[in-house]
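Trainee: As a plain string of letters, each chain reads:
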Amino acid sequence: AQSVAQPEDQVNVAEGNPLTVKCTYSVSGNPYLFWYVQYPNRGLQFLLKYITGDNLVKGSYGFEAEFNKSQTSFHLKKPSALVSDSALYFCAVRDIWSNYQLIWGAGTKLIIKP
Amino acid sequence: DAGVIQSPRHEVTEMGQEVTLRCKPISGHDYLFWYRQTMMRGLELLIYFNNNVPIDDSGMPEDRFSAKMPNASFSTLKIQPSEPRDSAVYFCASSGQGADTQYFGPGTRLTVL
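Protein chains in written order, with this note's numbering: chain A, 1 to 114; chain W, 1 to 113.
Just so you know, the hints here were simulated from the structure itself, not pulled from any lab data. You can trust all of the hints, since none of them are fake.
Which residues of chain A face chain W? A few of them, derived with a C-beta cut under 8 angstroms, are:
hint, residue
1, Tyr-32
2, Arg-42
3, Gly-43
4, Lys-49
5, Arg-94
6, Leu-102
7, Trp-104
8, Ala-106
9, Gly-107
Nothing here was measured: the structure is a model prediction, and the numbers come from that model. We put the beta carbon where it would ideally sit given N, CA and C, even for glycine.
This is chain A alone, in the form it adopts within the complex (with noise of 0.2 angstroms):
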């Protein structure tokens, strides 16, 4: 079965230290992996996605996305974190082989304190 894992519900940055959030996943195939943001009261903003290519995926705001084979995740990263970017942060995958449905993490916090 499909499924998606942010083991960390809340993830803690000074502002200027670089962040990371984590994301495991277990589909059948290759998967499509997906990184979403949500601001308080907003609706989820796309920002960055891995389907084939280059392991190391660049998206907005700054920032970019691991993809591990081996390892099966898909971990957030920017070098140097800001405090706009707190917000709840998506992690989602969908094989490739399956229906347009995406399998959603239950999300992580994100604070950055200044």
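For chain A, the structure is supplied; the task is to place chain W on it using the hints.
Mentor: Chain W in isolation, oriented as in the chain A frame:
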């Protein structure tokens, strides 16, 4: 591009009343998704459409919930009768053919008293 449009943004109603949520997807998108988000259950897919046809409604919690997509530019999610446990934020999202990326609307915050 106006993005996905949802209305109303907020809805407060009393138990037993009918509630209709509306969504206009991004023009040209073939897929439309309805989600529900709560603190307890997180983000749940309720139903999705492809070319106006419902493909998977296994996430619809009960017969009180129904969704329609009469044309490519409009969809509704109806709850009749509503109950307090239906209180949540309801999102609509759309994506293009083969595009995979789903684009979300701002959501409708529903409160059932």
